[in-house]
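Kindly produce the complete structure, drawing on both the sequences and the hints.
Protein chains in written order, with this note's numbering: chain A, 1 to 164; chain B, 1 to 360.
Hints are not guaranteed to be accurate.
[Said to hold, decoys possible] Simulated restraints, written as ranges between beta carbons of each label pair:
#1 B:Lys258 with A:Asn9: 24 to 32 Å
#2 A:Lys115 with B:Arg269: 22 to 30 Å
#3 A:Arg113 with B:Lys258: 24 to 32 Å
#4 A:Asn9 with B:Gln334: 21 to 29 Å
[Stated by the list, open to error] Computed list of chain B residues with no C-beta within reach of chain A, every gap over 10 Å:
#5 Leu36
#6 Glu56
#7 Glu138
#8 Glu201
#9 Cys209
#10 Trp234
#11 Lys286
#12 Arg291
#13 Asn293
#14 Thr296
#15 Tyr303
#16 Glu328
#17 Lys329
#18 Arg331
[As the list claims (entries may be wrong)] The calculated DSBU-like cross-link candidates involving lysine-lysine, where the alpha carbons are at most 35 Å apart (straight line), are:
#19 A:Lys15 with B:Lys321
#20 B:Lys286 with A:Lys105
#21 B:Lys246 with A:Lys60
#22 B:Lys258 with A:Lys60
#23 A:Lys20 with B:Lys321
#24 B:Lys246 with A:Lys81
#25 A:Lys20 with B:Lys104
#26 A:Lys160 with A:Lys128
#27 A:Lys15 with B:Lys323
#28 B:Lys246 with A:Lys20
#29 A:Lys101 with A:Lys60
#30 A:Lys101 with B:Lys286
#31 B:Lys314 with A:Lys77
#32 B:Lys321 with A:Lys81
#33 A:Lys95 with B:Lys348
Everything labelled a hint here was simulated from the structure, so no lab data went into it. The beta-carbon is built from N, C-alpha and C at its ideal position, and this holds for glycine as well.
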Amino acid sequence: MSTRFFNLNAQQAFKKLPMKLQNFFTRYPPSPIRSYANKPTLTNAPDANPFLSNIHPVTKTFHDPIYSLRRQSELYKLAYKFGIVDLMPSLANGKKLFAEKYESKPVLRGVLRPKGHKWERTYDDRMKRLEEGMAKADDVLIQYRGSKYKKRLEKRKEDKRTWF
Amino acid sequence: MSNSLRNLSKRYGANLERFPFFLRKMFDQMSREAQLPALSSEVAEVPMKKRFNKPEQWKVEVGDRVLMTKGKYRGHVTKVLALHRPTNRLFLELAETKKMVVPKQFWQPGQSTHVIDYPRTVHPDDVKVVGTAIERAEDGTEREKDIAADQLVFKGEYWDADYGKMMPYRRVRFHENIIIPWPRPEPEEECSFSTPIEAAEERTYLPKCLVRTDAPEGIVESLRDPLIKRRYKWDKQYITRSEAKKLRQPEMPFSDVKKAMFAERAQIRANTPTEPSTETIELVGKLVADRLNSVTDPNFAAYVNSVAPDARAKKIEAREKAKMIHDEKIREAQERNKIRRRTEAKYKSRSQKRNGNVVF
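Right, here's the structure in full:
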């Protein structure tokens, strides 16, 4: 029988979050309350994403993201553990973490179609050529050895012993 | 060749200090085997870094009276003759000796045989410093008594004119009010080459100005090699950014741009919420509650409790509670010791009255 360790309501559960996450959601409420852009915006825009480097309206310079890459990763990993990773603003360049990251990764060409050794790559062709050559072997021999050989072959076929 | 010269110069053989320990040991042994026993010390030389150079390390000085605690003369009080710095050991007045064969060029005046008794050195840990305490009897007579310090502590320091340096106070451990003074060093004899103190202390130069030097112009350049390969080392023609920043006056008051930046930052700070809204709490809390209420892994539950904001406070509280209990135990033990000491003293004084002063 499995024991449950927590029996919390929403308020208690929020207070149970690490301070880092609580402070983050205090400053940046999750998406239904406030939306966040996927692309860099002006720093003073209402949907400015704190994980992206945004442009300043007056100086026109890119400011560093409010949360550094290390802090972003810390927040994301914590949120993942508490099951609220969907509430976080999107990361730069559509970056994903954990299972999502591996699912969204394009399959590499080498994994799809491995190159293989040269003998592996040419195996089918060589086998085909070999079979064709074997099938045509008699004709080739006749071509080079002359009609005498053809007759000998025919005779050998006639003289072949059978059980009857 | 002296050790210092060998250390200074690469020219006079390899510097043994550069080699690893086991190689150094091997070379040391090889040189020992090749040397006459009279020329090498009995104990191996200590590497330069480990040699004592402070009075706190030696614990004794030349002229100190010491109680020997090891060897043939254990229990005897004798005097320190010299410090043997290469081995961190002492030469004592009363010491064990060993027979040694000395080549003729090292014979002392009056010596008539090759074999002499040479004193052995003693480690400072094998002696205890002896001081003099004045004991006052009940009838008021004063009597000098020797005390040997089992352990020493060095606390505080004073200027010792005879040694010409700061010397630490040498105190007896657990009786730090008892100070064993350092012995007076023997005055150094002046020879024909020595400079008198007055001549050395006489001030012969007084700068006219603190800003400008009295040296003639270009004297420093004239001392330098004009054909030096990398002259930029001293002939720097530029200043670095940090140097320029130090030389430049800071701009005061702040520029308009900076003021605008401060205003913007202040506004951002004012607009940043400090408390989570109820909507946020409901939205986030519901998801977190769903997640945590379904937790069945005890390790994950422990992790959640350890990263919760109140975990640190709880930890500190538990530690303080443990400390309080510990302190209370110590206090009780001290109380018990007080009572025990009082009782012991009481019965001791009674037995003294009955039997007289018995020395154990």
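Okay, the hints, checked on the actual structure:
Distance hint check: the CB atoms of Lys258 of chain B and Asn9 of chain A are about 48 Å apart, inconsistent with the given range 24 to 32 Å. Separated by about 58 Å at the C-beta atoms, Lys115 of chain A and Arg269 of chain B break the suggested range of 22 to 30 Å. At roughly 60 Å, the beta carbons of Arg113 of chain A and Lys258 of chain B sit outside the given window of 24 to 32 Å. Between Asn9 of chain A and Gln334 of chain B the Cβ separation comes to about 51 Å, which falls outside the hinted range of 21 to 29 Å.
For Leu36 of chain B, the condition that its CB be more than 10 Å from all CB atoms of chain A holds, with the nearest at approximately 68 Å. Even its closest Cβ contact with chain A, about 47 Å, leaves Glu56 of chain B beyond 10 Å, as expected for a residue assigned away from the interface. Non-interface status of Glu138 of chain B relative to chain A is upheld: no Cβ of that chain comes within 10 Å, the nearest being about 71 Å off. For Glu201 of chain B, the requirement that its beta carbon stay farther than 10 Å from each beta carbon of chain A is met, with the minimum near 62 Å.
No Cβ of chain A comes within 10 Å of the Cβ of Cys209 of chain B; the nearest lies about 49 Å off, and the non-interface call holds. Look at Trp234 of chain B: its CB is around 41 Å from the nearest CB on chain A, clear of 10 Å, so calling it non-interface holds up. Interface exclusion of Lys286 of chain B from chain A breaks down, the closest Cβ pair being 5 Å apart, not more than 10 Å. The beta carbon of Arg291 of chain B is not kept farther than 10 Å from every beta carbon of chain A, the shortest such distance being approximately 3 Å.
With a cut of 10 Å on Cβ distances, Asn293 of chain B falls inside the contact zone with chain A, its closest approach being about 5 Å. For Thr296 of chain B, the non-interface assignment is contradicted: its Cβ lies about 4 Å from the closest Cβ of chain A, within the 10 Å cut-off. Separation of Tyr303 of chain B from chain A is inadequate, the least Cβ-Cβ distance of about 8 Å not exceeding the 10 Å criterion. No Cβ of chain A approaches the Cβ of Glu328 of chain B within 10 Å, the least distance being about 34 Å, so the stated non-interface status holds.
At roughly 35 Å, the least C-beta separation between Lys329 of chain B and chain A is larger than 10 Å, which holds for a residue marked as non-interface. Every CB of chain A is more than 10 Å from the CB of Arg331 of chain B (nearest about 38 Å), matching its label as outside the interface. Taken as a hint, the Lys15 of chain A and Lys321 of chain B pair is honoured in the structure, with Cα atoms around 25 Å apart against an allowance of 35 Å. A distance of roughly 31 Å separates the Cα atoms of Lys286 of chain B and Lys105 of chain A; the hinted pair therefore holds under the 35 Å criterion.
Proximity of Lys246 of chain B to Lys60 of chain A is assessed by CA-CA distance (about 30 Å); at most 35 Å being required, the pair is judged to hold. Taken as a hint, the Lys258 of chain B and Lys60 of chain A pair is honoured in the structure, with Cα atoms around 16 Å apart against an allowance of 35 Å. Proximity of Lys20 of chain A to Lys321 of chain B is assessed by CA-CA distance (about 28 Å); at most 35 Å being required, the pair is judged to hold. Among the hinted pairs, Lys246 of chain B with Lys81 of chain A is inconsistent with the structure: their alpha-carbon atoms are about 49 Å apart, more than 35 Å.
A C-alpha spacing of about 84 Å is found between Lys20 of chain A and Lys104 of chain B, which places the hinted pair above 35 Å, so the restraint is violated. Simply put, Lys160 of chain A and Lys128 of chain A have alpha-carbon atoms about 30 Å apart, close enough for the 35 Å limit, and the pair holds. For a cut-off of 35 Å, the pair hint linking Lys15 of chain A to Lys323 of chain B stands: about 29 Å separates their Cα positions. A C-alpha spacing of about 39 Å is found between Lys246 of chain B and Lys20 of chain A, which places the hinted pair above 35 Å, so the restraint is violated.
Proposed proximity of Lys101 of chain A and Lys60 of chain A is supported: the alpha carbons are some 33 Å apart, at most 35 Å. For the hint pairing Lys101 of chain A with Lys286 of chain B, the CA-to-CA distance comes to about 26 Å; that is within 35 Å, so the pair holds. Among the hinted pairs, Lys314 of chain B with Lys77 of chain A is consistent with the structure: their alpha-carbon atoms are about 25 Å apart, no more than 35 Å. With a C-alpha separation of about 32 Å, the suggested pair Lys321 of chain B and Lys81 of chain A falls inside the 35 Å cut-off, and the hint holds.
The suggested pairing of Lys95 of chain A with Lys348 of chain B is violated, with an alpha-carbon distance near 84 Å, which exceeds 35 Å.
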